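Undergrad: Please build the complete structure, drawing on both the sequences and the hints.
There are 2 protein chains.
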Amino acid sequence: MANDIEGFISHLGDIPVIRDSATVQRRSRDMSMSFSPIIRREASGKTAELIVSPRSQDDVIRIASAAARARMPLMMRGAGTCNLGQGVPLHGGAIVDMSGLSQVLWIREQKVRAQAGARLLAIDTATRATGWELRMHSSTRRAATIGGYIGGGHAGIGSCSYGILRDRGNILGLRVVSVEQTPRVVELRGDDVNLVHHAYGTNGIITEVEMPLAPAWAWVEVVLNFPGFMRAAAFAYELAASDGIVKKLISIDDFPNWDYMQAMRAYGKPGWSMVRCMVAAPGLEALRDLAAAFQGEIASEAGEGEGPYGAPLWEFGWGHARLQVNKTRPEIVNNIGLYLDPDLLAAVERSHRRFKDLGGMHLEVKRYAGRIAFQGSPYYAFVDDAQVAEVIRGMVQDGAMVANNHTFLVKDNGMKVADARDEEFKRSMDPHGLMNPGKFDADASRARPETGLELPTTGWQYGSDTQREPGAVSA
Amino acid sequence: MANDIEGFISHLGDIPVIRDSATVQRRSRDMSMSFSPIIRREASGKTAELIVSPRSQDDVIRIASAAARARMPLMMRGAGTCNLGQGVPLHGGAIVDMSGLSQVLWIREQKVRAQAGARLLAIDTATRATGWELRMHSSTRRAATIGGYIGGGHAGIGSCSYGILRDRGNILGLRVVSVEQTPRVVELRGDDVNLVHHAYGTNGIITEVEMPLAPAWAWVEVVLNFPGFMRAAAFAYELAASDGIVKKLISIDDFPNWDYMQAMRAYGKPGWSMVRCMVAAPGLEALRDLAAAFQGEIASEAGEGEGPYGAPLWEFGWGHARLQVNKTRPEIVNNIGLYLDPDLLAAVERSHRRFKDLGGMHLEVKRYAGRIAFQGSPYYAFVDDAQVAEVIRGMVQDGAMVANNHTFLVKDNGMKVADARDEEFKRSMDPHGLMNPGKFDADASRARPETGLELPTTGWQYGSDTQREPGAVSA
Numbered sequence: 001m002a003n004d005i006e007g008f009i010s011h012l013g014d015i016p017v018i019r020d021s022a023t024v025q026r027r028s029r030d031m032s033m034s035f036s037p038i039i040r041r042e043a044s045g046k047t048a049e050l051i052v053s054p055r056s057q058d059d060v061i062r063i064a065s066a067a068a069r070a071r072m073p074l075m076m077r078g079a080g081t082c083n084l085g086q087g088v089p090l091h092g093g094a095i096v097d098m099s100g101l102s103q104v105l106w107i108r109e110q111k112v113r114a115q116a117g118a119r120l121l122a123i124d125t126a127t128r129a130t131g132w133e134l135r136m137h138s139s140t141r142r143a144a145t146i147g148g149y150i151g152g153g154h155a156g157i158g159s160c161s162y163g164i165l166r167d168r169g170n171i172l173g174l175r176v177v178s179v180e181q182t183p184r185v186v187e188l189r190g191d192d193v194n195l196v197h198h199a200y201g202t203n204g205i206i207t208e209v210e211m212p213l214a215p216a217w218a219w220v221e222v223v224l225n226f227p228g229f230m231r232a233a234a235f236a237y238e239l240a241a242s243d244g245i246v247k248k249l250i251s252i253d254d255f256p257n258w259d260y261m262q263a264m265r266a267y268g269k270p271g272w273s274m275v276r277c278m279v280a281a282p283g284l285e286a287l288r289d290l291a292a293a294f295q296g297e298i299a300s301e302a303g304e305g306e307g308p309y310g311a312p313l314w315e316f317g318w319g320h321a322r323l324q325v326n327k328t329r330p331e332i333v334n335n336i337g338l339y340l341d342p343d344l345l346a347a348v349e350r351s352h353r354r355f356k357d358l359g360g361m362h363l364e365v366k367r368y369a370g371r372i373a374f375q376g377s378p379y380y381a382f383v384d385d386a387q388v389a390e391v392i393r394g395m396v397q398d399g400a401m402v403a404n405n406h407t408f409l410v411k412d413n414g415m416k417v418a419d420a421r422d423e424e425f426k427r428s429m430d431p432h433g434l435m436n437p438g439k440f441d442a443d444a445s446r447a448r449p450e451t452g453l454e455l456p457t458t459g460w461q462y463g464s465d466t467q468r469e470p471g472a473v474s475a
Numbered sequence: 476m477a478n479d480i481e482g483f484i485s486h487l488g489d490i491p492v493i494r495d496s497a498t499v500q501r502r503s504r505d506m507s508m509s510f511s512p513i514i515r516r517e518a519s520g521k522t523a524e525l526i527v528s529p530r531s532q533d534d535v536i537r538i539a540s541a542a543a544r545a546r547m548p549l550m551m552r553g554a555g556t557c558n559l560g561q562g563v564p565l566h567g568g569a570i571v572d573m574s575g576l577s578q579v580l581w582i583r584e585q586k587v588r589a590q591a592g593a594r595l596l597a598i599d600t601a602t603r604a605t606g607w608e609l610r611m612h613s614s615t616r617r618a619a620t621i622g623g624y625i626g627g628g629h630a631g632i633g634s635c636s637y638g639i640l641r642d643r644g645n646i647l648g649l650r651v652v653s654v655e656q657t658p659r660v661v662e663l664r665g666d667d668v669n670l671v672h673h674a675y676g677t678n679g680i681i682t683e684v685e686m687p688l689a690p691a692w693a694w695v696e697v698v699l700n701f702p703g704f705m706r707a708a709a710f711a712y713e714l715a716a717s718d719g720i721v722k723k724l725i726s727i728d729d730f731p732n733w734d735y736m737q738a739m740r741a742y743g744k745p746g747w748s749m750v751r752c753m754v755a756a757p758g759l760e761a762l763r764d765l766a767a768a769f770q771g772e773i774a775s776e777a778g779e780g781e782g783p784y785g786a787p788l789w790e791f792g793w794g795h796a797r798l799q800v801n802k803t804r805p806e807i808v809n810n811i812g813l814y815l816d817p818d819l820l821a822a823v824e825r826s827h828r829r830f831k832d833l834g835g836m837h838l839e840v841k842r843y844a845g846r847i848a849f850q851g852s853p854y855y856a857f858v859d860d861a862q863v864a865e866v867i868r869g870m871v872q873d874g875a876m877v878a879n880n881h882t883f884l885v886k887d888n889g890m891k892v893a894d895a896r897d898e899e900f901k902r903s904m905d906p907h908g909l910m911n912p913g914k915f916d917a918d919a920s921r922a923r924p925e926t927g928l929e930l931p932t933t934g935w936q937y938g939s940d941t942q943r944e945p946g947a948v949s950a
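Here the protein sequences come in this chain order: A and B.
Using the numbering used here, the first residue of the first sequence is number 1, and each one after it goes up by one.
Using the numbering used here, the first residue of the second sequence is number 476, and each one after it goes up by one.
Quick caveat, the hints were computed from the structure, so don't treat them as lab data.
Everything numeric in this text was worked out from a predicted model, so none of it was measured.
Hints should not be assumed to be uniformly reliable.
To be verified - Just so you have them, the derived chain A footprint on chain B, three or more residues with Cβ under 8 Å:
1. 688-698
2. 853-865
As the list claims (entries may be wrong) - Just a few of them, taken from the derived set where beta-carbon distance is under 7 Å, the chain B residues facing chain A:
3. Gly665
4. Asp666
5. Pro757
6. Ala761
7. Asp764
8. Leu765
9. Phe769
10. Ile773
Glycine included, every Cβ here is placed at the ideal spot set by N, Cα and C.
TA: Dropping the structure here:
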């Protein structure tokens with residue numbers, strides 16, 4: 001059944017519409033195209049039919065109402081910098097380009113409220129003038145929108161101190177518009193924000209976001225080299241455990257990962273492993289002593305964005321580590337495993353040994369349920385789905401929880417908890433099932449989209465059970 | 476052999492000296508007299524012979540030189556608010572009252588440098604004007620000096636976020652004067668600061684301290700009640716694990732501990748357990764939701780120092796929890812056990828059950844080697860040494876590491892690592908063994924002071940080994 005494009009447009013008034021098929025096709029893709037050859041393949045032929053560009057909350061309400069009346073599928077879009085296929089429409093319809101709602105509404109009492117389309121860097125630029133900044137951001141900070149980050153993101157630069165977005169207190173409020181003939185505007189606060197966070201924009205249109213701020217430290221970017229991967233990993237662990245050193249980023253790369261990053265080559269030592277971190281300036285002396293205790297050698301110290309490698313160090317971490325590597329080695333892929341205490345370093349070492357002929361481990365440090373966690377996998381040259389499945393199986397055997405970063409389905413991804421309350425909320429905000437249908441359906445019995453994709457991932461558990469029964473997570 | 480008081484004084488020039496025996500005797504005692512009946516008994520008859528009051532670093536150097544020449548024992552004193560017998564002289568001599576060196580020297584780049592005798596609250600008052608404050612302070616913040624806190628302290632209000640004083644980065648620099656005929660002025664930085672930290676002022680005279688600062692949040696004091704001790708403990712654990720909620724204090728009291736605190740009585744529920752915490756204002760909504768998830772009821776929310784219980788909430792935590800209880804129940808004592816993950820709550824529950832007829836558990840949350848730890852013990856009415864030993868034995872069986880808070884000897888206390896390097900440093904800074912001799916001797920073969928005190932404590936291990944081999948700590 002074709003979508004009723006003309007009917008939909010007829011309700012939009014003067015809201016800008018783009019129907020040019022090249023543009024629509026381009027915006028029907030996101031950064032996951034370069035992250036997962038599997039998603040790229042699965043996305044083939046999946047495209048939206050038009051783009052609508054709201055300029056205000058009123059426009060959003062009008063679009064939501066129009067979609068409900070015309071039964072038009074909607075796909076939310078910020079900057080398209082996501083890498084889990086969040087921005088791929090499964091059943092055509094209209095892309096809602098939120099970048100026009102870009103105002104920072106207010107900054108006060110260590111909080112910021114912004115429209116969903118405000119870019120992370122724009123928010124940080126505004127808040128830094130008051131001495132504060134977002135607690136965390138994706139490596140796509142320059143381009144990504146706050147709405148996209150909340151809707152499709154998980155953690156990032158800052159997570160080694162503040163945990164992940166879904167941790168209580170890391171998102172203060174969300175304003176969401178339901179997709180109904182008469183749309184409702186709902187303000188979510190407290191625990192309720194997680195109904196919408198990481199739902200890929202499938203249960204209401206986020207129009208405003210309220211976030212807590214962190215001190216805008218004078219960050220120092222430090223690049224260090226260690227004789228041996230496990231020494232680098234152990235150093236990174238100790239740095240994460242050093243509650244007296246304020247930090248924002250800890251990235252670990254076995255050789256030759258960093259050697260694949262052209263801009264980083266001059267700062268590594270062949271055969272050695274690299275740690276790239278950002279610490280608050282008052283902790284620099286402590287960091288140097290800690291590095292020395294692990295036979296680490298400091299290759300570079302620089303203010304944020306002032307390093308000799310030509311980009312902020314956070315553009316060599318998280319998703320951007322892959323992007324940097326892919327510039328010279330486009331065939332390299334990764335998985336997202338979570339290595340947790342009490343067995344963290346031993347589990348990492350098992351994977352390091354298992355995969356050493358396949359590729360070097362890339363890990364990012366974050367806090368997870370109040371404890372230290374390493375997120376990552378080997379970086380390896382993609383062969384086929386079976387190979388990816390084999391790597392995931394090995395990581396699970398080594399003790400990691402592994403999410404699926406090669407699917408664009410919320411539940412299959414395994415990073416979002418989705419219980420009865422989530423399904424009820426989805427039903428109330430999107431009663432006609434128009435928000436990127438197939439991605440996150442309330443009705444579990446609805447036919448699962450055919451993706452041809454089965455990977456042996458475990459998903460991620462959250463919260464205190466994970467914390468207290470570590471044995472359970474690697475089962 | 477009597478100390479050469481006249482010879483010592485003859486070298487002091489115009490430095491103020493107090494010889495009045497009542498004053499000298501009073502200042503030969505510290506707050507540990509009210510904390511440990513065992514220390515009180517052991518301290519009997521131990522007193523200094525005079526007090527010297529330096530006004531500058533030059534005075535300190537002169538005193539150090541005079542002591543070396545006259546072989547006069549020295550005992551460092553800040554405000555005498557310590558509670559581990561740090562301020563009890565074992566071999567007479569001169570008390571060095573550091574409270575005259577009270578200047579805050581500079582505040583910049585999220586760091587503060589102050590003379591050793593500056594009071595914690597005075598430092599915080601000065602730094603808060605710039606939006607910053609000390610990362611942690613003792614519950615004796617109003618009276619205690621920064622030099623005393625570094626020399627004799629361990630952790631405190633703030634430790635649930637920043638860990639303990641000895642964690643890398645929590646003390647930036649110390650200036651220390653050696654006790655020699657020609658004293659040296661030594662600046663310690665980085666890891667070296669821990670040579671002097673928690674050495675009870677026995678390896679050099681601290682004259683200046685440089686500390687890192689933390690954001691001076693708008694702290695909200697929250698008093699909560701829970702139906703059942705383990706629910707309170709589990710809530711406290713989750714709050715500690717919530718990296719998205721910025722906090723400074725988490726104190727847990729089983730019934731009837733809080734009922735013994737006159738000012739807190741109106742805010743508890745008979746038979747219920749109480750958690751008292753301080754969170755940064757932006758985290759208040761998240762805290763409320765977290766409390767509700769544990770069936771917690773909020774009895775009071777107030778700005779720092781503005782609660783209806785008549786004192787800042789930090790004066791009901793850490794050492795002050797004991798002081799508040801002792802106002803109505805002077806016979807109550809405690810031990811200092813450390814309950815650690817991965818078995819933290821189970822170990823706490825074992826102690827809770829074991830001691831439930833003896834007294835309610837009092838616990839403070841801190842970070843320890845990068846993970847969550849609860850510090851405390853039951854509050855119980857003192858009978859005799861054998862009873863204290865029995866309680867300690869039970870705590871160790873339950874899985875706690877237990878330090879000895881009923882001794883005034885550094886090594887017996889078990890909270891300070893003292894290896895060959897410490898002994899070498901002690902020898903270089905105090906070659907004549909004049910700094911409170913007997914407390915922390917470089918020469919292990921030197922006769923141990925007779926204290927008649929043997930408790931089955933384990934001491935505390937620090938750092939990564941503790942972290943990675945949790946099984947070892949309760950052995």
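Undergrad: Give a verdict on every hint.
TA: Going down the list of hints, with the structure as the test:
no. : hint    : result
1   : 688-698 : holds (count 4)
2   : 853-865 : violated (count 0)
3   : Gly665  : 4 Å, holds
4   : Asp666  : 5 Å, holds
5   : Pro757  : 4 Å, holds
6   : Ala761  : 4 Å, holds
7   : Asp764  : 4 Å, holds
8   : Leu765  : 6 Å, holds
9   : Phe769  : 10 Å, violated
10  : Ile773  : 14 Å, violated
Checked against the numbered hints above, the structure breaks hints 2, 9 and 10 and satisfies the rest.
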